[in-house]
Amino acid sequence: MLHLLSLKALRERLQKREVSSVELTKHFIDRIAKFSDLNAFISVDEEGALASAEDADKSLNKNQSGNLTGIPIAHKDIFCTKRLRTTCGSKMLAGFTAPYDATVVQRLANAGCVTIGKTNMDEFAMGSSNETSFFGNVKNPWQTSRVPGGSSGGSAASVAARLIPAATGTDTGGSIRQPAAFCGLTGLKPSYGRVSRYGMIAFASSLDQGGPLTRSAEDSAIMFNAMGGFDPKDSTSIERPIPSVNELLDLDLRGLRLGLPTEFFDSSVDTAVLGSVREALQILEKRGAQLVDVSLPNSAAGIPCYYVIAPAEASSNLSRFDGVRFGHRSEQADSLLDLYECSRAEGFGEEVKRRILIGTYVLSAGYYDAYYLKAQKIRRVISDDFTKAFEKCDVIVGPTTPSTAFKIGEKTQDPVSMYLNDIFTNTVNLAGLPSLSMPVGLDGSGLPIGMQLIGRFMDETSLIGTAHQFQLETDWHERCPEDFA
Amino acid sequence: MEWECVIGLEVHVQLKTKSKIFSGASTAFGADANTQACGVDIGLPGVLPVMNREAVLMAARFGLAIDGAINELSVFARKNYFYPDLPKGYQISQFEIPVVEGGQLEIETPNGPRTIRITRAHLEEDAGKSLHEDFHGLTGIDLNRAGTPLLEVVSEPDLRSPEEAVAYLKKLHTLVRTLKICDGNMQEGSFRCDANVSVRPKGEAQLGTRAELKNINSFRFVERAIYFEIDRQIGVIEDGGSVVQETRLYDPDKDLTRSMRGKEEAHDYRYFPDPDLPPLVITKKELDAIRSEMPELPDAKLTRLASSYELSNDDATLLAADSDLADFFEAAVKAANGESRLIANWILGDLSSALNRESLSISESPVSPEMLGQLINRIKDNTISGKIAKQVFGDLWHGKGQVDDIIRDQGLTQITDTDAISKAVDDVITAFPSQVDQVRAGEEKVIGFLVGQVMKATSGKANPQAVNNLIKTKLSS
Chain X
1 MLHLLSLKAL RERLQKREVS SVELTKHFID RIAKFSDLNA FISVDEEGAL ASAEDADKSL
61 NKNQSGNLTG IPIAHKDIFC TKRLRTTCGS KMLAGFTAPY DATVVQRLAN AGCVTIGKTN
121 MDEFAMGSSN ETSFFGNVKN PWQTSRVPGG SSGGSAASVA ARLIPAATGT DTGGSIRQPA
181 AFCGLTGLKP SYGRVSRYGM IAFASSLDQG GPLTRSAEDS AIMFNAMGGF DPKDSTSIER
241 PIPSVNELLD LDLRGLRLGL PTEFFDSSVD TAVLGSVREA LQILEKRGAQ LVDVSLPNSA
301 AGIPCYYVIA PAEASSNLSR FDGVRFGHRS EQADSLLDLY ECSRAEGFGE EVKRRILIGT
361 YVLSAGYYDA YYLKAQKIRR VISDDFTKAF EKCDVIVGPT TPSTAFKIGE KTQDPVSMYL
421 NDIFTNTVNL AGLPSLSMPV GLDGSGLPIG MQLIGRFMDE TSLIGTAHQF QLETDWHERC
481 PEDFA
Chain V
486 MEWECVIGLE VHVQLKTKSK IFSGASTAFG ADANTQACGV DIGLPGVLPV MNREAVLMAA
546 RFGLAIDGAI NELSVFARKN YFYPDLPKGY QISQFEIPVV EGGQLEIETP NGPRTIRITR
606 AHLEEDAGKS LHEDFHGLTG IDLNRAGTPL LEVVSEPDLR SPEEAVAYLK KLHTLVRTLK
666 ICDGNMQEGS FRCDANVSVR PKGEAQLGTR AELKNINSFR FVERAIYFEI DRQIGVIEDG
726 GSVVQETRLY DPDKDLTRSM RGKEEAHDYR YFPDPDLPPL VITKKELDAI RSEMPELPDA
786 KLTRLASSYE LSNDDATLLA ADSDLADFFE AAVKAANGES RLIANWILGD LSSALNRESL
846 SISESPVSPE MLGQLINRIK DNTISGKIAK QVFGDLWHGK GQVDDIIRDQ GLTQITDTDA
906 ISKAVDDVIT AFPSQVDQVR AGEEKVIGFL VGQVMKATSG KANPQAVNNL IKTKLSS
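The listed protein sequences correspond, in order, to chains X and V.
My numbering puts the first residue of the first sequence at 1, with every later residue one more than the last.
My numbering puts the first residue of the second sequence at 486, with every later residue one more than the last.
Worth flagging that the hints you see were computed from the coordinates, not collected in a lab.
Among the hints, a few may not be true.
Listed next, with one range per pair, are the computed distances between beta-carbon atoms [unchecked claim]:
#: 1; chain 1: V; residue 1: Ala-690; chain 2: X; residue 2: Glu-331; range: 26 to 36 Å
#: 2; chain 1: X; residue 1: Asp-37; chain 2: V; residue 2: Ser-615; range: 23 to 33 Å
#: 3; chain 1: V; residue 1: Lys-769; chain 2: X; residue 2: Glu-331; range: 49 to 59 Å
#: 4; chain 1: V; residue 1: Thr-624; chain 2: X; residue 2: Glu-47; range: 37 to 47 Å
#: 5; chain 1: X; residue 1: Arg-257; chain 2: V; residue 2: Asp-773; range: 57 to 67 Å
#: 6; chain 1: X; residue 1: Ser-364; chain 2: V; residue 2: Pro-764; range: 44 to 54 Å
#: 7; chain 1: X; residue 1: Leu-2; chain 2: V; residue 2: Glu-557; range: 38 to 48 Å
#: 8; chain 1: V; residue 1: Ala-690; chain 2: X; residue 2: Ser-364; range: 44 to 54 Å
#: 9; chain 1: X; residue 1: Gln-282; chain 2: V; residue 2: His-752; range: 31 to 41 Å
With a cut-off of at most 27 Å between alpha-carbon atoms, the simulated DSSO-like pairs for lysine-lysine come out as follows [said to hold, decoys possible]:
#: 10; chain 1: X; residue 1: Lys-233; chain 2: V; residue 2: Lys-941
#: 11; chain 1: X; residue 1: Lys-233; chain 2: V; residue 2: Lys-564
#: 12; chain 1: X; residue 1: Lys-233; chain 2: V; residue 2: Lys-770
#: 13; chain 1: V; residue 1: Lys-770; chain 2: X; residue 2: Lys-353
#: 14; chain 1: V; residue 1: Lys-941; chain 2: V; residue 2: Lys-930
#: 15; chain 1: X; residue 1: Lys-377; chain 2: V; residue 2: Lys-503
#: 16; chain 1: X; residue 1: Lys-91; chain 2: X; residue 2: Lys-58
#: 17; chain 1: X; residue 1: Lys-82; chain 2: X; residue 2: Lys-16
#: 18; chain 1: V; residue 1: Lys-501; chain 2: X; residue 2: Lys-374
#: 19; chain 1: V; residue 1: Lys-687; chain 2: V; residue 2: Lys-501
#: 20; chain 1: X; residue 1: Lys-233; chain 2: V; residue 2: Lys-930
Keep in mind that this is a model prediction, so the values were computed, not measured.
Glycine included, each C-beta is placed from N, C-alpha and C at the ideal position.
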């Protein structure tokens, strides 16, 4: 049952040469094929994966190996790869292959990872259910009538279904944490600037952050350590080293102050979700953590603020998809203006168009001050709320989402109710803070419940450490959806 | 009615960094299309800009030179519009907080010096080029220029005539070359200008509606385009119409401006701070370092050249206008240990015309300042005459060796042997009796003819002054 093993266990087997990377890679490729109904992958690179697995085996034979040598992983299809097309879940880029590897891709390859394929996602990472993908929606392995969350839905579903040991994702407003919560995974959104954005197709540059989707905090530490760190190609990258895996995991919960924002524990949250979160907090309390009440009084402004800033940046970031140099080019066009209009009208889906329209509007002359500038001010206020809360606590805790995974199609007609899924997560992106979602229970219908931990800027250690201590006591993170065990 | 025109200029100064403003691709001019554009320049998905520090330091150097304020913190913004040669669909520029704010340049006018205020100077990336020829009705895109660093220098509407506009432009041109931040090559587009032009009745305080003139890439065209535009605007108003705010393109072949786009078609650029680039910080320490390495500025250079080298104002102005030329001059004077006026004549005369003939810049001159100094030395010590010196200069230009080698190898040394000259003079006196009589009769001018004959007989190697003296002595006895 190779697919049930953690990264650490896989590493041990590989290093003891009880299993080869080629065998492991084949095993996961077989599983991806077997469970292709989930639609978690957009591209699978059997040939390339087996070639790098062979290389990894050579290194392993020579005892030249690191934490991840020979371990198969998958990348969200937003990270540019030389070998595989990078579609960003869009018709616009359905035929696009980048001439370079993203820094994250390169770093994980250097660490010895075997890239098996690219996972499905909401188009240009715009969505909370993976239903905006041009390549079709992804099913949640816990209940295939449910969404896996989004936008990193393919990564979450594939790790949850044990189709891959770990995967990368990106999080602009909750796109790692919300699918992690919906699929029972540990998902880390590092501090803004921790993981290079070079080669990660931009949605909202000031909010986007790459991170791992894994089964446990321990796996998260291993992935984060390998993918993060300063990159001179990204001017917003921070020049500080990532702590070692041991440093990330080794935390004494005694005296750690966990802040409970009153705004995150209100009646809009499902009782099952609140119940599981409270139980989890009790466990942490038993191990020495202190619970304190804090307030994030402006968090209600998060959604409107986010839905001004993110679309504004997106409207500009997506301008390069004009049919001129790469991406979809309309056959209908007779003039330059036609070329732009038709290529973009045909290449982008509805949600992407909606956000480009909103973003263009809020940046327009006469509206800029009232929307974009105002939103920037609110962003500062939201950030200040966190700073104040962190005077009283070390980690902020609460539910990752107000509810568990919803049904496919349930919210597609109502964008605003879809947006509200990210109510607890997107303020964290606005403030640039690190945050992690971990599984803390199952609801009445057997769907995973996620708890969110938010840390001070650059303090991923407290988040991964707290989650690891919790996971030493509990087994929620080891639960596997029945059909995929 | 008497009219007054009001002009403000926006000049795009291409900074001569080796690599582009946000990528490592080369900025060299003239490469094959699209061979000098990397992933960042062509706006591939996922790429990110990284600031070229050299461009920032150049902008700061300019700011200090015009006595402007350097913002310790300035912000890059995105200027959004669609165009095929704009790969990202936005240009990275500076909007609300530019790197340089305020400053001025002083220009000379017939009514004395005037100070022209500079509003701001900001950093931005250039776009690529759309090529409409050679593609049979299609448009080609060359992105080599995309991402080239530009410093856009915006003046206040302080200029009052086309001549003043040209004087300002020339002053700016000299300054950026002296600062070594721009090669100033207008044909290659390294120094480009847009002009905002309006007219108003003389004495009126309020500004008239302006037109923005584009595509004026020489000093001459700037003057002509503005002249045309002033006449056009006055004509419109005097015919009872009113000037509309618009962008107009100058057509140098027809010598007129024509409307390119009106106010209604003006873009809404939707500027906002570029989230990919943190605010640009320039520290006090960096500014101090730039200040300490600041070259001598053109005005100071002019004053110093005129006074310490006893040059005419015209010569000093010409030399100070090109710091390379001035450096060449000073090095040559040093090599010749003086003779500044003679050297200035050589540089502004023979050397400049040779350079122009072959379209070379002074830094590409095959004749070095040391060579010119040595040549002057040989004139000074009477080894060669001024006339022979021109011949030696020609050989130096064609790389035929050093001054002394050329003189020796070709036997160009002046005849200092008085006996030999004396004999040549005697021969000429014998051969031209009628001219000799004229001189004796007091027609001094004819001496020149006799000197010429002696020079001819000695292949120019006799010292003309010595010959002149000898003829006078011999004929007066």
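Subject >> Hint check for Ser-364/X and Ala-690/V - Cβ pair distance inside 44 to 54 Å >> reply: 33 Å Cβ-Cβ, so the 44 to 54 Å window is violated.
Original post:
Are Lys-233/X and Lys-770/V close enough, with their CA atoms no more than 27 Å apart?
Top reply: 25 Å, holds
**OP:** Measure nothing beyond the straight line between the CA atoms of Lys-82/X and Lys-16/X; if it is 27 Å or shorter, mark the hint as holding.
**Re:** 32 Å, violated
Original post:
Holds or violated: are the alpha carbons of Lys-770/V and Lys-353/X at most 27 Å from each other?
Top reply: 47 Å, violated
Original post:
Within 31 to 41 Å or not, the Cβ separation of Gln-282/X and His-752/V?
Top reply: 59 Å, violated
Original post:
For the pair supplied as a hint, Lys-91/X and Lys-58/X, is the alpha-carbon distance within the 27 Å limit?
Top reply: Not OK: Lys-91/X and Lys-58/X at ~39 Å, beyond 27 Å, violated.
Original post:
Lys-377/X and Lys-503/V: Cα distance at most 27 Å?
Top reply: 39 Å, violated
Original post:
Regarding the pair Lys-687/V and Lys-501/V, is the alpha-carbon distance no greater than 27 Å?
Top reply: Measuring from Cα to Cα gives roughly 42 Å; hence the hint is violated.
Original post:
Is Lys-233/X within 27 Å of Lys-941/V, Cα to Cα?
Top reply: 73 Å, violated
Subject >> Beta-carbon spacing of Ala-690/V to Glu-331/X - inside the hinted bounds 26 to 36 Å or not >> reply: Roughly 58 Å apart at Cβ, these two residues miss the hinted range, so it is violated.
**OP:** Can you let me know if the beta-carbon spacing of Ser-364/X and Pro-764/V is within 44 to 54 Å?
**Re:** 24 Å, violated
Original post:
Hey, Lys-501/V versus Lys-374/X, does the alpha-carbon distance stay inside 27 Å?
Top reply: 39 Å, violated
Hint compliance for this structure: hints 1, 2, 5, 6, 7, 8, 9, 10, 13, 15, 16, 17, 18, 19 and 20 are broken, all remaining hints hold.
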